[in-house]
Amino acid sequence: MKDESARLGFRLTLPAQVLVLFISVFPLLMQAYISLTDWSPLSGQSWPQAWQFWNSFANYSDLLGDGRLWAALGRTAFVMAVCVPIEFMLGLGLATLFMDDFKGKRVFYSILIMPMMVVPAVAGYMFFMLFQSGGPVNDILAMFTGSPVTIAWLSDPNLALVAVMVADIWQWTPLMFLILLAGLVGVPEDQVRAATLLGANPLQRFTSIVLPRMKTIIGIALAIRVIECFKIFDTLFIMTGGGPGVATETISVYIYKIATQDLIWGYVAAIALAILIVLSVVCVWALKRMARVRA
Amino acid sequence: MSMIRLEHLVKRFGAFTALKTMDLTIADGEFVALLGPSGCGKSTTMNMIAGMETPSEGRILFGDRDMAGVPMGRRGVGFVFQNYAIFTHMTVRQNLSYGLRATRRPSDEVVRRTNAMAELLQLTPMLDRPAAGLSVNILQRVAIGRSAIMEPAIFLLDEPLSNVDAAFRAVMRTELKGLQRSFKQTMVYVTHDQLEAMTMADRIAVMDHGVLQQVGTPLQIYNDPANLFVARFIGSPGMNLLHGRPTEVAGSMAIDLGALGYSLPLAPEQAAAARKANGDVVFGFRPEQAARVSEGQGMAMPISFVERIGARTILHLGDGAASAKTVFENDAGFEMGRALHFAPHPSAVRLFDAASGAALRGQ
Chain A
1 MKDESARLGF
11 RLTLPAQVLV
21 LFISVFPLLM
31 QAYISLTDWS
41 PLSGQSWPQA
51 WQFWNSFANY
61 SDLLGDGRLW
71 AALGRTAFVM
81 AVCVPIEFML
91 GLGLATLFMD
101 DFKGKRVFYS
111 ILIMPMMVVP
121 AVAGYMFFML
131 FQSGGPVNDI
141 LAMFTGSPVT
151 IAWLSDPNLA
161 LVAVMVADIW
171 QWTPLMFLIL
181 LAGLVGVPED
191 QVRAATLLGA
201 NPLQRFTSIV
211 LPRMKTIIGI
221 ALAIRVIECF
231 KIFDTLFIMT
241 GGGPGVATET
251 ISVYIYKIAT
261 QDLIWGYVAA
271 IALAILIVLS
281 VVCVWALKRM
291 ARVRA
Chain B
1 MSMIRLEHLV
11 KRFGAFTALK
21 TMDLTIADGE
31 FVALLGPSGC
41 GKSTTMNMIA
51 GMETPSEGRI
61 LFGDRDMAGV
71 PMGRRGVGFV
81 FQNYAIFTHM
91 TVRQNLSYGL
101 RATRRPSDEV
111 VRRTNAMAEL
121 LQLTPMLDRP
131 AAGLSVNILQ
141 RVAIGRSAIM
151 EPAIFLLDEP
161 LSNVDAAFRA
171 VMRTELKGLQ
181 RSFKQTMVYV
191 THDQLEAMTM
201 ADRIAVMDHG
211 VLQQVGTPLQ
221 IYNDPANLFV
231 ARFIGSPGMN
241 LLHGRPTEVA
251 GSMAIDLGAL
261 GYSLPLAPEQ
271 AAAARKANGD
281 VVFGFRPEQA
291 ARVSEGQGMA
301 MPISFVERIG
311 ARTILHLGDG
321 AASAKTVFEN
331 DAGFEMGRAL
341 HFAPHPSAVR
351 LFDAASGAAL
361 RGQ
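So the protein sequences, as listed, match chains A and B. Counting from 1, one number per residue, gives the positions in the first sequence under this note's numbering. Counting from 1, one number per residue, gives the positions in the second sequence under this note's numbering.
Quick caveat, the hints were computed from the structure, so don't treat them as lab data. Since this is a predicted model, take the numbers as computed values, not measurements. Note that CB positions come from ideal geometry on N, CA and C, so glycine has one too. There's no promise every hint is true.
Claimed, not checked - Partner residues are not named here, just some residues of chain B that face chain A (Cβ under 10 angstroms, in silico):
id : residue
1  : Val10
2  : Phe13
3  : Gln82
4  : Leu120
5  : Arg146
6  : Phe328
7  : Asn330
8  : Ala332
9  : Phe334
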């Protein structure tokens with residue numbers, strides 16, 4: 001009887017399972033297969049024949065010694081380590097401000113979340129224009145210094161990364177703000193009042209009542225931004241194309257370049273798979289930790 | 001020092017006036033209940049005492065000190081919220097010691113006072129349990145202990161029993177009253193439940209529509225309501241109120257209950273009150289203070305419903321013209337539809353001005 005219903009259940013969910021198999025499991029297996037070969041689309045063979053170029057784990061051992069890959073990873077981590085905390089602090093500050101009532105709150109709210117709605121490619125183009133050496137950013141700086149400023153933001157290897165991070169912070173602070181505001185609204189007002197009546201100052205109230213209540217939502221906000229930031233590509237690619245040289249080459253840009261220019265797809269697959277595995281392990285660890293904190 | 005004085009207190013929210021005017025003095029160590037239906041302004045009054053709301057007009061004084069501009073954290077007020085507002089992400093111990101830790105007391109003092117408070121409230125066994133998931137009665141004790149540990153001179157309780165089921169409320173009433181005796185603080189207790197107010201308070205302040213109706217001891221309020229609202233609101237069932245006209249027959253005052261076709265003679269004190277009446281009066285008496293009389297004396301009304309609640313029997317009397325309720329100790333074969341002959345004890349009669357609703361008093 002139970003067996004019967006289980007079989008019926010299996011048959012009913014079969015189409016959905018096949019679909020999932022095709023959209024997630026199949027590409028993953030294909031990628032794993034190709035990552036173990038030297039196959040390239042220029043080799044004259046279609047991908048199922050990639051076994052002819054079998055090189056075992058050579059791609060993976062190459063990957064460990066690939067300086068450009070490690071540099072790109074380091075750069076990505078740097079962008080993440082700078083942007084996410086700044087976005088978090090700005091978002092939290094703004095969200096705290098928006099808990100109070102003030103004139104024009106709705107208007108400011110709309111303006112504030114607008115950057116999030118801009119297509120990243122368009123945002124990239126906007127910042128490309130802003131950071132030109134004759135662009136508005138330099139014009140504004142000139143107003144403060146009193147003399148013309150001609151900083152070559154996007155072609156200076158050090159400044160290009162700064163410009164890219166400014167664009168990222170501009171575009172993604174609103175998301176932090178929105179998520180954290182939702183979290184703040186969910187903090188019971190009576191508890192904050194009770195703490196006030198017991199003599200807690202604003203900072204104590206924030207650290208002992210508000211923050212612990214927002215732990216989960218802060219975890220979610222940070223996780224979303226860390227994952228997204230790791231994949232940073234579109235805005236950056238339009239602003240600098242990963243340049244000058246490799247100055248703003250993040251992991252996504254690097255993969256894009258070797259996939260479209262060098263066409264060594266076996267190696268690309270190996271990198272992508274390695275990153276996927278590392279990221280998954282980190283995510284599972286973080287989620288488990290979060291679940292434990294909540295319990 | 002912990003006397004509370006409210007002087008001409010007014011609170012408006014935009015166009016809505018929550019509290020029209022309030023003058024009340026609460027003595028040091030007194031337990032005062034603010035009693036009234038929802039929306040009467042009792043919670044607003046309480047929030048202003050705590051400093052959560054700013055009065056639109058008037059003053060709040062603790063002793064001789066004007067509280068205007070004193071933030072809520074510095075008023076030395078303990079507040080128990082209706083939902084207790086327990087910090088559910090902390091343990092019971094962390095909840096109890098929160099105030100002491102926030103005000104940076106030495107850690108040995110924190111430990112000593114927390115343990116003492118836990119002992120007093122019988123919370124010692126669950127001190128290190130997380131506060132989330134504790135039962136309501138424990139949560140309430142935690143909420144009280146968390147405020148009491150700061151030794152506030154004034155304790156404010158906002159309907160602390162409204163989330164508790166009826167059977168448990170009786171237990172908590174006794175417990176709360178006992179706690180007040182041991183803390184000896186000035187307590188203000190907001191409630192819409194007259195039973196809570198009657199059983200616990202030294203004095204009750206009855207409020208309605210943002211106006212203080214009467215302040216007095218529970219028995220004063222029960223026996224001598226200041227107006228028709230208090231007469232109706234206090235008591236379960238409330239006071240019987242019948243329209244009548246004072247008449248003087250051969251030097252003795254009586255009330256002519258026109259619709260019922262009876263005249264009831266009055267005791268001297270009530271007669272004096274009736275002489276002051278300016279036109280029609282409302283004739284009131286408590287349902288418990290009526291006795292059965294033989295036919296031809298007193299009032300007669302048909303019994304429309306018999307409500308038996310165990311120890312007592314409540315009779316709903318009357319037809320369209322007038323109605324009343326009486327309460328008897330035992331069920332002496334009351335039958336629906338039969339006429340009941342009854343009369344209030346003469347000393348239990350209270351008279352109110354029909355136009356203004358205010359009580360008429362002899363002296």
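Can you give the numbers of the hints that this structure goes against, from lowest to highest?
Numbers 1, 2, 4, 6, 7, 8 and 9 - these are the hints that the structure violates, sorted from lowest upward.
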